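Novice: For what it's worth, my numbering labels the leading residue of the sequence shown as 684, then goes sequentially.
These are computed hints drawn from the structure, not numbers from a lab.
All of these numbers come straight from a predicted model, not from anything done at the bench.
Where a beta carbon is used, it is the ideal one built from N, C-alpha and C, also for glycine.
Take these hints with a grain of salt, some might be off.
[Claimed, not checked] With a straight-line cut-off of 20 Å between C-alpha atoms, the simulated SDA-like cross-links for lysine to any residue are:
| # | residue 1 | residue 2 |
| --- | --- | --- |
| 1 | K803 | D830 |
| 2 | K803 | R768 |
| 3 | K890 | L870 |
| 4 | K802 | T838 |
| 5 | K872 | A917 |
| 6 | K803 | N842 |
| 7 | K803 | E841 |
| 8 | K890 | H931 |
| 9 | K802 | W763 |
| 10 | K803 | L845 |
| 11 | K802 | V761 |
| 12 | K803 | R739 |
| 13 | K803 | H835 |
| 14 | K890 | S871 |
| 15 | K890 | E861 |
| 16 | K803 | I764 |
| 17 | K890 | N858 |
| 18 | K872 | F911 |
[Said to hold, decoys possible] Distance ranges between label pairs, derived from CB positions:
| # | residue 1 | residue 2 | range |
| --- | --- | --- | --- |
| 19 | S769 | I859 | 39 to 47 Å |
| 20 | L845 | Q877 | 13 to 21 Å |
| 21 | S695 | R898 | 42 to 50 Å |
| 22 | Q877 | R739 | 31 to 39 Å |
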Amino acid sequence: DELLETFEKFLSLQSSLVGMSALASEEELWQRTLGTLHHLVDFPHYRLLLYHPERRELVPHSSSGPETDALNFQQDLVEWIFNHRSVTLLPAEDAKDGAEGAADPCAIRSVLPIPLVGKKGNRLGLILLWVNGEETSTTRFILAFLDALALHVATSLENLRLQQNIQQLSGLMDNILESVPHAIIALSKDDRIQALNTNAEFMFGVKRFFALGERFQDVFGEELSRMFSSLTVATLSGQEAIDQEYEHRLHD
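Kindly produce the complete structure, drawing on both the sequences and the hints.
Specialist: See the structure below:
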């Protein structure tokens with residue numbers, strides 16, 4: 684029965700990992716991660732901490748349960764966790780005895796720290812799960828599943844942040860292109876149009892939607908194509924900016 688349950692958890696994990704690559708925000712990623720963790724581990728409390736690069740420390744992002752703040756976690760173990768990287772079942776400080784001195788069956792026995800580490804070894808965050816159970820024969824399989832989940836979550840988080848940076852840079856570049864009173868066209872090494880502003884659309888009678896990604900020879904007429912070719916050849920051969928004047932009749 685335990686083996687069958689472990690296999691079902693593996694299938695659930697595999698399905699969740701496939702869907703993570705399509706998530707559009709960090710909040711969606713954390714919701715999917717917590718949902719996956721609930722399928723793998725029974726935990727009453729959790730705490731998610733994200734690394735703050737400017738403060739160079741982990742800061743709380745979210746947690747569950749009114750008693751979460753009372754669950755202490757040794758801060759000196761954080762360095763060991765990130766150096767060790769793998770998920771490890773540790774005894775929890777909150778595993779207290781009952782009032783009569785007998786063991787409390789409801790006491791939290793263990794804590795599962797899940798480090799999120801980037802491709803270059805940079806710290807991204809830490810997930811702490813407080814669990815009631817103790818180590819069993821199937822624990823090593825669950826820990827292996829959690830290691831795989833942590834790697835995938837870290838990769839997805841870095842990809843999301845990279846996409847956000849690209850979108851911000853793209854928006855900044857668009858603002859710069861639209862703010863200058865000139866027609867601007869950006870070409871790649873293989874003559875494909877990478878960007879053009881509204882002034883270029885008006886001056887050369889083309890639409891950005893149809894021009895982006897196309898070779899400029901296929902977008903502009905023969906006369907303009909010869910002009911662009913001569914400019915690019917002159918610029919690349921001389922490795923400097925070329926300032927030349929051309930006559931061009933605006934489209935009606």
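Novice: Could you run down the list of hints and mark each one as holding or not?
Specialist: A quick look at each hint next to the structure:
no.: 1; hint: K803 with D830; result: holds (17 Å)
no.: 2; hint: K803 with R768; result: holds (13 Å)
no.: 3; hint: K890 with L870; result: holds (16 Å)
no.: 4; hint: K802 with T838; result: holds (7 Å)
no.: 5; hint: K872 with A917; result: holds (14 Å)
no.: 6; hint: K803 with N842; result: holds (13 Å)
no.: 7; hint: K803 with E841; result: holds (11 Å)
no.: 8; hint: K890 with H931; result: holds (18 Å)
no.: 9; hint: K802 with W763; result: holds (19 Å)
no.: 10; hint: K803 with L845; result: holds (14 Å)
no.: 11; hint: K802 with V761; result: holds (19 Å)
no.: 12; hint: K803 with R739; result: holds (16 Å)
no.: 13; hint: K803 with H835; result: holds (14 Å)
no.: 14; hint: K890 with S871; result: holds (18 Å)
no.: 15; hint: K890 with E861; result: holds (15 Å)
no.: 16; hint: K803 with I764; result: holds (16 Å)
no.: 17; hint: K890 with N858; result: holds (18 Å)
no.: 18; hint: K872 with F911; result: holds (13 Å)
no.: 19; hint: S769 with I859: 39 to 47 Å; result: holds (46 Å)
no.: 20; hint: L845 with Q877: 13 to 21 Å; result: holds (19 Å)
no.: 21; hint: S695 with R898: 42 to 50 Å; result: holds (48 Å)
no.: 22; hint: Q877 with R739: 31 to 39 Å; result: holds (37 Å)
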